[in-house]
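**Student:** Letter by letter, the chains look like this.
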Amino acid sequence: MDNIITTERLTKKYKRFTAVDGVSLHIRRGSIYGFLGPNGAGKSTTMKMLLGITAPTAGSFSIDGRHFPEDRTAILKGIGSLIESPAFYANLTGRENLDILRRILELPKDTVDDALELVGLTEAGNRLAGKYSLGMKQRLGLAGALLGRPPLLLLDEPTNGLDPSGIHEIRSLIQSLPERYHCTVMISSHMLSEIERMADDVGILNHGRLLFEGSLEELRCYAGGQGKPAGGLGKSADGGAAAYLQPGGVRLEDVFLAMVEQDNAAGKRRAE
Amino acid sequence: MRLFVIELRKERRTGVFLVFPSAGVLGAVYAFLVFHLRKDTLLSLPSAPMDILLTQLCGIMTVFNLFGIITAACMVCHMEFQGGAAKKMAALPVSAGAVYFCRFLILSMLLLAAAALQNLALLWIGRTDLPQGAFVLGTLLRFAGYVFLAAMPVLSFMVLLASCLQNMWVPLGVGVAGFLTGMAFADTEQPLFLLHPFVVMLKPAAAMNAKPDIAVVIAAIVETAVFLCMGFWLTEKSHYE
Ligand SMILES: Nc1ncnc2c1ncn2[C@@H]1O[C@H](COP(=O)(O)OP(=O)(O)OP(=O)(O)O)[C@@H](O)[C@H]1O
Ligand SMILES: [Mg+2]
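Chains R and L are the protein sequences, given in the same order. Read left to right, the first sequence gives residues 1 to 272 (this note's numbering). Read left to right, the second sequence gives residues 273 to 513 (this note's numbering).
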């Protein structure tokens, strides 16, 4: 299969604490990959390793057949990223910020307006980024990631801080990207319904370990086979049962909660 | 070159471009004022007129420049950390070391501009106020170069600190502490104190004549290079936490 990112038992330790533990991911070219996990699961850390911001303690990965650190420039030129909170120069306007990125990436001038247009920030482009609202900063960060339409996007909670219509808008945008221009998106989010609607494949992380990786369909079968949603019913008796009764209507949320819960219980047993 | 232009564009609206010219103008105005108000007292000092012109005015100019360096270094780096831009830069295909070097270069050039303004004032005063035939352009140029060189270790040191420490108040505090200790030790003969970059910077102002001290020159060059290399290496390495 044609994978743009493959990681091989990727591990990151901070002193004694293991943030990412032997994670092997396979991200198909042209797909939208939903990266899920509770707070502190290690999603951001994994994405940072893929960007070369932190070095893995063990394991390896390749992006489009290239490796860090020897191909750093080539890899980073092809990745648009938004990690955790958006980052920008507060003393520059939105447009000037993108222009700095454009110059670093050596892209043509019109890419700035294109990116502003994509995220709906054209009108606010000439205002200081430091004075933007949270949602506008998020959009600016996203515009920075989309600048020049790179073949790979790493988006860490891109809809954080957006209003409902903004979430809808950005979701539609991200969903349309692989068709608009052939790109691959790796996206982490806590909005499971979001991921369910746009992702092709998902990876579920808990305490740094990969619990599941595969397509949404596979996840439904897997969950059905293991009876996982039933395990989660005690917690979400409302929608869980109803959804389970509909044919093929297992909700990602229930599967996710049950899977994490079961793993946490298993973890506790191991610790005892 | 491309990176240099990018760095220049980042500094918009930070006030960095105001700090050094202000230090330069303040220094020049101070020189004019002092020489016009106290001309006779100054010129009756038991030194050669050229030495009086250069050493008597050098002290305050050095202090202006020193605070210019401290503020500018803190501003440049604060702007990089404030909105989290440093984080974004780490995920872009640029070498952090090269960016660091450009930043160093920009501040050096700004300091040079400030020094040029101040020395123009000295040139003017020397031409008009010194006794006939006492002004020697060569001496002024040599001393100006010497003062500039002596200021470089502090600049190199401050850029290093401000680039590595996210909290702007720490380099600012260290800068002030450096200034105070530098003042205290500037006129000691003990060569070991030349390891202190602020002492090196204040040496020309503390001397009684305008002859460059070769030990200070060597210390300045070595320290500037050491801090620059350290900063380059640290920023390059900090990619990989
Ligand atoms: N620089 C660091 N030093 C020490 N521990 C760290 C560091 N960065 C992250 N961690 C730890 O690694 C773990 C994983 O963090 P990470 O940010 O990857 O989680 P996440 O899955 O992105 O969570 P969230 O959903 O809250 O964003 C956390 O327990 C965190 O405390
Ligand atoms: Mg995170």
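Mixed in with the good hints, there may be bad ones.
[What the hints assert, rightly or not] Which chain L residues face chain R? A few, computed with CB under 10 Å, are given here:
(1) Arg-284
(2) Met-351
(3) Ala-363
[As the list claims (entries may be wrong)] Here are the simulated lysine to any residue pairs, SDA-like style, with alpha carbons at most 20 Å apart:
(4) Lys-77(R) - Lys-359(L)
(5) Lys-359(L) - Lys-109(R)
(6) Lys-359(L) - Tyr-14(R)
(7) Lys-483(L) - Gly-78(R)
(8) Lys-109(R) - Ala-497(L)
(9) Lys-13(R) - Ser-510(L)
(10) Lys-77(R) - Ala-358(L)
(11) Lys-131(R) - Leu-409(L)
(12) Lys-509(L) - Asn-126(R)
(13) Lys-509(L) - Asp-71(R)
(14) Lys-131(R) - Ser-510(L)
(15) Lys-131(R) - Leu-162(R)
(16) Lys-109(R) - Phe-420(L)
(17) Lys-359(L) - Gly-78(R)
(18) Lys-509(L) - Thr-73(R)
(19) Lys-509(L) - Leu-134(R)
(20) Lys-131(R) - Phe-420(L)
(21) Lys-109(R) - Leu-275(L)
(22) Lys-483(L) - Cys-374(L)
(23) Lys-509(L) - Lys-131(R)
(24) Lys-131(R) - Phe-276(L)
(25) Lys-131(R) - Thr-286(L)
(26) Lys-131(R) - Trp-396(L)
(27) Lys-77(R) - Leu-364(L)
(28) Lys-109(R) - Ala-358(L)
(29) Lys-509(L) - Ala-497(L)
(30) Lys-131(R) - Arg-284(L)
(31) Lys-77(R) - Ala-368(L)
(32) Lys-359(L) - Glu-96(R)
(33) Lys-131(R) - Leu-364(L)
(34) Lys-359(L) - Leu-152(R)
(35) Lys-13(R) - Phe-68(R)
(36) Lys-359(L) - Ala-90(R)
(37) Lys-109(R) - Leu-280(L)
(38) Lys-109(R) - Phe-276(L)
(39) Lys-359(L) - Arg-72(R)
(40) Lys-509(L) - Leu-51(R)
What the hints contain is simulated information worked out from the structure, not anything from laboratory work. Glycine included, every Cβ here is placed at the ideal spot set by N, Cα and C.
**Student:** Decide, hint by hint, whether the structure agrees.
**Tutor:** Here is what the structure says about each hint:
Interface hint status for Arg-284(L): upheld, as the beta-carbon distance to the closest one in chain R is roughly 6 Å, under 10 Å. With a least beta-carbon distance of about 6 Å to chain R, the hint placing Met-351(L) at the interface is held under the 10 Å criterion. A least Cβ separation of about 4 Å between Ala-363(L) and chain R falls short of the 10 Å threshold, and the interface hint therefore holds. Distance hint between Lys-77(R) and Lys-359(L) is fulfilled; the C-alpha atoms sit about 16 Å from each other, no more than 20 Å.
Restraint check for Lys-359(L) and Lys-109(R): not satisfied, since their Cα atoms lie roughly 24 Å apart, outside the 20 Å limit. Between Lys-359(L) and Tyr-14(R) the CA atoms are separated by roughly 19 Å; this keeps the pair inside 20 Å, and the hint holds. Restraint check for Lys-483(L) and Gly-78(R): not satisfied, since their Cα atoms lie roughly 57 Å apart, outside the 20 Å limit. Straight-line distance between C-alpha atoms of Lys-109(R) and Ala-497(L) comes to about 37 Å, which puts the hinted pair past the 20 Å bound.
About 17 Å separates the Cα atoms of Lys-13(R) and Ser-510(L), which keeps this hinted pair within 20 Å; it holds. Using a Cα cut-off of 20 Å, the hinted pair Lys-77(R) and Ala-358(L) holds, with the two alpha carbons roughly 17 Å apart. Of the supplied pair hints, the one linking Lys-131(R) and Leu-409(L) is violated, its CA atoms being roughly 51 Å apart against a limit of 20 Å. For the given pair, Lys-509(L) sits about 35 Å from Asn-126(R) by alpha-carbon distance, which is inconsistent with the 20 Å threshold.
For a cut-off of 20 Å, the pair hint linking Lys-509(L) to Asp-71(R) stands: about 16 Å separates their Cα positions. At most 20 Å may separate the alpha-carbon atoms for a hinted pair to count; Lys-131(R) and Ser-510(L) exceed this at roughly 29 Å. Distance hint between Lys-131(R) and Leu-162(R) is fulfilled; the C-alpha atoms sit about 16 Å from each other, no more than 20 Å. Restraint check for Lys-109(R) and Phe-420(L): the C-alpha separation of about 40 Å exceeds 20 Å, so the hint is violated.
Annotation: proposed proximity of Lys-359(L) to Gly-78(R) holds, straight-line Cα distance about 18 Å (limit 20 Å). In summary, the hint linking Lys-509(L) to Thr-73(R) is supported, as the alpha carbons are separated by about 16 Å, within the 20 Å threshold. Restraint check for Lys-509(L) and Leu-134(R): the C-alpha separation of about 32 Å exceeds 20 Å, so the hint is violated. Restraint check for Lys-131(R) and Phe-420(L): not satisfied, since their Cα atoms lie roughly 39 Å apart, outside the 20 Å limit.
In summary, the hint linking Lys-109(R) to Leu-275(L) is supported, as the alpha carbons are separated by about 17 Å, within the 20 Å threshold. For the proposed pair Lys-483(L) and Cys-374(L), the alpha carbon gap of about 32 Å is over 20 Å, so the pair is violated. This hinted pair does not check out: Lys-509(L) and Lys-131(R) have alpha carbons roughly 32 Å apart, beyond 20 Å. Of the supplied pair hints, the one linking Lys-131(R) and Phe-276(L) is violated, its CA atoms being roughly 27 Å apart against a limit of 20 Å.
A threshold of 20 Å between alpha carbons decides the hint, and for Lys-131(R) with Thr-286(L) the separation of about 15 Å falls inside it, so the pair holds. Distance restraint check for Lys-131(R) and Trp-396(L): the Cα-Cα separation of roughly 46 Å exceeds the 20 Å cut-off, and the hinted pair is therefore not satisfied. Restraint check for Lys-77(R) and Leu-364(L): the C-alpha separation of about 7 Å stays at or below 20 Å, so the hint holds. As the CA atoms of Lys-109(R) and Ala-358(L) are separated by approximately 23 Å, the hinted pair breaks the 20 Å bound.
For the suggested pair Lys-509(L) and Ala-497(L), the alpha carbons sit about 18 Å apart, so the restraint of at most 20 Å is met. A hinted pair counts as satisfied when its Cα atoms are at most 20 Å apart, and Lys-131(R) with Arg-284(L) qualifies at roughly 16 Å. Note on Lys-77(R) and Ala-368(L): the hinted pairing holds, with a Cα-Cα distance of about 15 Å set against a maximum of 20 Å. Pair hint Lys-359(L) plus Glu-96(R) holds up; C-alpha atoms about 17 Å apart against a cutoff of 20 Å.
Taking the CA atoms of Lys-131(R) and Leu-364(L), the gap is about 24 Å. The hint is violated against a cut of 20 Å. Only pairs whose Cα atoms come within 20 Å are accepted, and Lys-359(L) paired with Leu-152(R) is accepted, the gap being roughly 19 Å. Restraint check for Lys-13(R) and Phe-68(R): satisfied, since their Cα atoms lie roughly 18 Å apart, inside the 20 Å limit. For a cut-off of 20 Å, the pair hint linking Lys-359(L) to Ala-90(R) stands: about 13 Å separates their Cα positions.
Note on Lys-109(R) and Leu-280(L): the hinted pairing holds, with a Cα-Cα distance of about 18 Å set against a maximum of 20 Å. At most 20 Å may separate the alpha-carbon atoms for a hinted pair to count; Lys-109(R) and Phe-276(L) meet this at roughly 18 Å. Taking the CA atoms of Lys-359(L) and Arg-72(R), the gap is about 16 Å. The hint holds against a cut of 20 Å. As the CA atoms of Lys-509(L) and Leu-51(R) are separated by approximately 15 Å, the hinted pair is consistent with the 20 Å bound.
The structure does not agree with the numbered hints 5, 7, 8, 11, 12, 14, 16, 19, 20, 22, 23, 24, 26, 28 and 33 stated previously, though it agrees with the rest.
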